[in-house]
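Grab the two chains, each in its own frame, and use the hints to assemble them into the complex.
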Amino acid sequence: MDNPTVIIIGGGATGLGILRDLSMRGVKTLLVEKGDLTNGASSRYHGLLHSGGRYAVKDQSAARECIEENQILRRIGKSCVEETEGMFVRLESDDPNYESQWIDGCKSSGIKIKKISVDEALKLEPILTSKIVSAYLVPDAAIDGFRLSWQLVDSAKRFGGEIKTYTRAVGIDSHNGKIIGVRVRNRSGEHEIPCDIVINAAGGWTGKIAEMAGLDVGVQPDKGTLLVFNSRLVNRVVNRLHKSGDGDIFVPHGSVTILGTSSMSVPTPEDTSTSRAEVENLMRIGSELIENLPKYRLLRAFAGSRPLYRPKGGAIGREASRGFAIIDHSMEGLDGMFTIVGGKFTTFRLMAEKISDQVCKKLGNSNPCRTASEPIVAEVSSKSRENVQKFFPSFGLNLAANRLGKDRFEKVAKKLESEPESRQLLCECENITRAEFEVIASEETSTDLDDIRRRTRFGMGTCQGTFCTFRAACIFGKNSAIDSTREMLFERWKGIRPVLIGQSLKQAELMRSIYISSLDVNAGGELF
Amino acid sequence: MNENFAGIRKTIDHCVACTACMAACPVMRALQDYRGPKLIAPAHGRLHFSQDDFDRSLEFCSNCKSCDRACPNGVSVSNLNMQQRGKFFESHKHSQRDKILAHIESAGKKIRTIPFGHQAANWGSSVGKILGISEKIGITAKRPLPIYARKNFKTLFKSIHQQKSDRKIVFYPGCYINENDPDVGIALIRVMNANGIEVLIDENFRCCGSPLISTGFMNESRLLAENNSARIQDWKSKNIPVVAACTTCSLVLKSELAEIFGDDRFANNNVFDAFEFLETIDLNLNLASVPKRILYHVPCHLKSQGIGLPAREILSEIPDLKIELADAGCCGLSGNFGYKKELYDVSMKIGRELFDRILSSDADEVMSECGPCRMQIQHGTNREPMHPLEILAGAYLPN
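Chains as they are written, first to last, in the working numbering: chain E, 16 to 543; chain W, 425 to 823.
Incorrect hints may appear among the rest.
To be verified - Derived BS3-like pairs (lysine-lysine); straight-line CA-CA distance at most 30 angstroms:
{"#": "1", "chain 1": "W", "residue 1": "K511", "chain 2": "E", "residue 2": "K521"}
{"#": "2", "chain 1": "W", "residue 1": "K511", "chain 2": "E", "residue 2": "K146"}
{"#": "3", "chain 1": "E", "residue 1": "K179", "chain 2": "E", "residue 2": "K376"}
{"#": "4", "chain 1": "E", "residue 1": "K398", "chain 2": "W", "residue 2": "K517"}
{"#": "5", "chain 1": "E", "residue 1": "K405", "chain 2": "W", "residue 2": "K773"}
{"#": "6", "chain 1": "W", "residue 1": "K560", "chain 2": "E", "residue 2": "K405"}
{"#": "7", "chain 1": "W", "residue 1": "K773", "chain 2": "E", "residue 2": "K310"}
{"#": "8", "chain 1": "E", "residue 1": "K521", "chain 2": "W", "residue 2": "K434"}
{"#": "9", "chain 1": "E", "residue 1": "K405", "chain 2": "W", "residue 2": "K764"}
As the list claims (entries may be wrong) - Only some residues are given here: those of chain W computed to face chain E with a beta carbon under 8 angstroms:
{"#": "10", "residue": "C439"}
{"#": "11", "residue": "A441"}
{"#": "12", "residue": "C442"}
{"#": "13", "residue": "L463"}
{"#": "14", "residue": "H468"}
{"#": "15", "residue": "R470"}
{"#": "16", "residue": "L471"}
{"#": "17", "residue": "H472"}
{"#": "18", "residue": "F473"}
{"#": "19", "residue": "S474"}
{"#": "20", "residue": "Q475"}
{"#": "21", "residue": "D477"}
{"#": "22", "residue": "F478"}
{"#": "23", "residue": "I561"}
{"#": "24", "residue": "T564"}
Said to hold, decoys possible - Covered by chain W, per the in silico footprint, the following chain E stretches (three or more residues, Cβ under 8 angstroms):
{"#": "25", "segment": "241 to 253"}
{"#": "26", "segment": "476 to 490"}
{"#": "27", "segment": "514 to 522"}
Since the hints were derived computationally from the structure, they do not count as laboratory data.
Where a beta carbon is used, it is the ideal one built from N, C-alpha and C, also for glycine.
Looking at chain W on its own, in the form it has when it is part of the complex (with noise of 0.2 angstroms):
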């Protein structure tokens, strides 16, 4: 557990407005309007009392974090602007654009109580933005909405056999893939068996609450933060640790939610992202050769967990497989922030030089762990990412 994570937040008096902030921002280097990190919560944050007013950067920030790890002072830049975006609205209504963008949770649930409901949801989208509905509320209609899967992964997970253990995990899949993706929770459940790992899951694990923060709905992520600490906790009793393959969702449930309200409760070490976790235990390393290449854009929210590159240093093992890192910045969609229709041309300026890199790169397959992005990165390559929990399944897979 890195000693930013818990317990030691700071404030804007923290800030010494360095500017660091301002030169990694990549929403910043895209949008000549966004006034930077620094000047929303840190500097302008103290001139509130003056007068009832807006400055439209309070919606530029994408919540990326790269300000947080620029910060030479331990800052968390993001989750302050955060919070003053959750208080603008304590005192201004919603729009209904961001009511649905913060809401996937609710809206995947109310998808699966219809017979083939997935199948409507997703014609829905399409129906929607050829209408022009979509566009009309505020989100673009230049870029798909994420499919729903068939069935989602905790419906698969219950016809899934596996050899009970000792030793377990609880897989807290998240939204994305839980609904999205579900392909990468069954690879997952494929290495740690072959880890001699059992996989449970907790029907009562909620959201992380990332689109709420990134919306302003604190208090509706405050209940979900009580909900999914107190469940992490008691995972914890038992000793069994709580595994995520979502980096945004690993980084929300281990620090992102104690330093924005500013509760210790909401501080768990007992999460880990998926290869951190694999990290720690005797890997299995009877593995068949992969021999490809692979391009890594690693994530955001992977980076500021400061616990380096596991998935890099777990697939190094792979006999005949190369990996090189994109090292190309942000991909620019940031969970809902490219799905906002004024935000679109910037969000795809943000990816450009990742976009770039991928098109000009001959690599046999392009990765990352992060959903949003590997959506961000076949919108904008027609190329389609794999996680990396495939690429380890893979290998697996012939024992």
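For reference, chain E alone in the conformation it holds in the complex (with noise of 0.2 angstroms):
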């Protein structure tokens, strides 16, 4: 590639969405990321496209900017949007007035909600609380994070745009006030990329990136906790309606449930621990809203840092707004640097029209934005599934078109086609086939096999692991596989550790001794 315009820095929606945004109006864009994409805070969430009905009270900018972007997203990110719709449920034990506060914010937020009977949302998801009091349905949905964000960069490609993961920026260079290039460490070393402006678009690692530049920008990583269940026990996502508080939104994702989230200020974006203590806290709100809870299966717990904007002496935790903010640091004599921060995953577009915006109107480039009406990527025609559906796994079908796009999709059925022995399931619990793993294995961006993970969901489901990670070490062949599985057996077990009780104990035991008497690999690590 020539040298790009502009490099953004952090591979998460907002940077993803900035780097399709810039090229679709013909802006040469680079993208960095030091590790995999959506390693931060677009992955590590709750998954909900929110309806803003979350922010109808305390924030109505911020909820009309959600219900505008949630229509946008449904019909320009259709594969990894599932309209699973939202119910609000306030318990005997919330604030009524709560209530009438809301159904007022969200009428002037634009939401539309309709007031079900308690009966009928018992009707609709039986494994509530009958301790409802009333109960709305709000259009929320589902949001894929790591699907979106693959999306993305497959859309921006198509018009030029470029991306490098795991590669580092480590500095920003200026020469007279003038950003002139960002140096990057990756692999084969450190180099420097020049280019006319830099957007700090690194989530929770914004303050550091801003330092390198030596600038000040007050971003406060705010650790969300969230819990996932073995099954979808809920078909919608279920917000209690009361003051946001811990624990209180449930999201059916795919096969799974989410439970989230915590608020917790914590020094460092790399903060992704999570303890027992935090689990039985969100177990012990979540049983509000469903009180058989501790009934079903945990596979894992994980976090992720909100990267809260601090202007100097603003709020922080769930008082700190959650609307973003757009800094041209040429106010501050470094001209070409761009830093936005703040937002919510479910208004990464508008973010990116909105610093795209400046950006082009620095650069004198006058297209508009097209963000808003153009699809991701083309979506997997009814016709095209249904010719290949006999070469896919039953309940597969779907699944791996809404992963995979139109692209890849047609590759993987060509694949499953041509060779028979490529329908074998890798991953039995997230139906996942061989040729969808390899297929995805052979891009270059696929160093190890979490980066494979994340984009097909193998190791995902009820073993987290326990039973595709030999095979797809094998198969992967890009490292040794020893290594291969040591890594990935790794991560699953951060996540495993906290939530040791019942069946997710059983399952991990089951792992570790399998993976120690066959390979001598200690899923458990030192954390025995």
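What follows is the structure, given as structure tokens:
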């Protein structure tokens, strides 16, 4: 690639949204990311495409942004969005005044809500407590962060955008107060990539990147912990109708359910640790909505940090704004440097549009934003699905089509057709064929099993990698099978450790014993 | 009563995906297309949200329950899979064939209301086969349908004179013994009488529901469960145990219904397999010599009860009788499974090991508690197996 005009630092939803936006406007753009895509908050969240209902009382401008973007993403990101709808339920113990404020807030924010009877609510979601006193349907949905990110890349690539993963920005260079390039380090060493404009979209790491340019941007990482259950406990997003707090949202996410979230200021976004205490706290609060919750199997806990923007003296935690901020650092004497911080996954496209507008204005590019009207990737048509259905495992076709997008889907289907042995299930829990694994594994950006896991979902179901890790490690071939196995299992183990109770403990011990006795890999690591 | 039976039900959340069920599954060994027990409900049940789809594996489970016995975590995989089958038929139509195979109890009842109905039915099923009608609706013509007895057990029972006794049991004959093999019921009465026990029957008992469960007629099966469990509880309140000689009936009434419907009212601890019951009494050991060698095929559904091999224990009291275990897996018929046209070959392939074992054995008799197992053995080997109660009754006969 010739030198890019713009370098984006940070491969989360925001950065990728900007990459797509600028590329569509014809701006030569490169995105660098220190790890795999979406290793920060863009995947470490509950997967909720907000209707805005959650912000309807506290922050109506955020609520309005949410509902507008919600409608847009349903159109442009069909294969990433599961249109589950959502439900807000108030329990006996919740403040009734909040309900009326919420109704008004939704109305003035343009969020369509529909009151339903308690009986109807329980019929729709029989697992919920009968202590519900009122219930509303809202246009919430579920959205897959991993999938969306990779589809944004596919889209940007069509317009000339590029990404480099596992490429860490280590310095931002300027000359006479003007950006001249970014120094990066990757496996092949350190080098400088010249550019005119740098966009700091590093989420929780925004402050660190700003420091490299001698700037000060206040970002407070706010850790949220979430729990994953083994099956779909609910078929729609269920929110507690009260002042937002911990553990009050359940999101059905593919084959699993995610319960979130907590809120805790942490010194560094690298802190994605979770503890038993956090798990127990979430379970306790979650059990108010689903009384039988402790009977259901937990798969894992995970955490991510919201990059909350904190201008000097601003609020932190839940009181901090969920809005976003764009800073043009030319005011501070560094021309060509932009920072975008704050915001939410749901509004990533809008954030990208706003900053791209500013960047384009600076570049004298007058092309309008097109990200809201064009689908991110071409959908797999129902006709081409039908044609290849017989090669896919049952209950596996639509999931694969949505994960893969049109081009890769066709590639996988062809492989399944011509190589019958590739129809074997590599991951039985999530129904992933060997063909799909191999197609993703062969891509340049797939450097280890975790990269492939995030894109295929292998190893993310009931057995958490017990029975697919060794298969995947043997097929992968890029690294030694033992090393691949060790890396994958340690990552799996990190999320399993805080939920070692009941069935997940049994599963973990089975996993540990299989890998210790067969490959001398201790999946429990030093932790036991 | 085994602790696995009552009250402790395991869901898909208890599956640790270990694959033991797949290694133990006789259908998988015979049929490559079958994805295996673990993949029906425990794994892919989680993915049904994604599309309206159908996997033929849902049809391939024979409900033999080998998976349940293999599961190290006590999950009743077969029952989870039967639930899944039931769920499928909540929104899909049953075939005519499945309707027929599921409703053998009501077919039997109808036949008995017509004079010489049994002859007409037996004649009809052979004519049906010759004319290709059964094949057309999907019932194999390669094996005979069960033959209706001239008089069913309940009719014969009325003409049997028993000594009154304070010690009583209620005999639950089940459909097969009642309609097709009443001799087993007669043998049970002889055995019980020889032990000073009077046998009652309860006309209000209905089919245990096994054929309905395995074909996905859940609502009907639940109605039967309500009826039968109420009857069993009623007898329990009178301190009279309910005894069955069909190991599928006893398994269903003991635990399967409770697991399938998640309802503890259907977990009955007042139901006994005939030999399990005989183990609890002070057995009359005045037994004549039976100088025979017997090859014993243990039915899957007896193994699943977790009560050992009570028939072998009791029969070993008979002087000069030698029992050898066939130890050759599942017979492959599994109720109505092997009657399905498309599954006939699979059924016979599963049974092959057992057939070979029997054909190469020089035992004097083959025995098994299970009616379908006996039919399959007869079909696969041309030998006519006995029910262990018939052998025990024979040892009591000279008295």
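Could you tell me which of the numbered hints above are not met by this structure, giving the numbers in increasing order?
Those not satisfied are hints 7, 23, 24.
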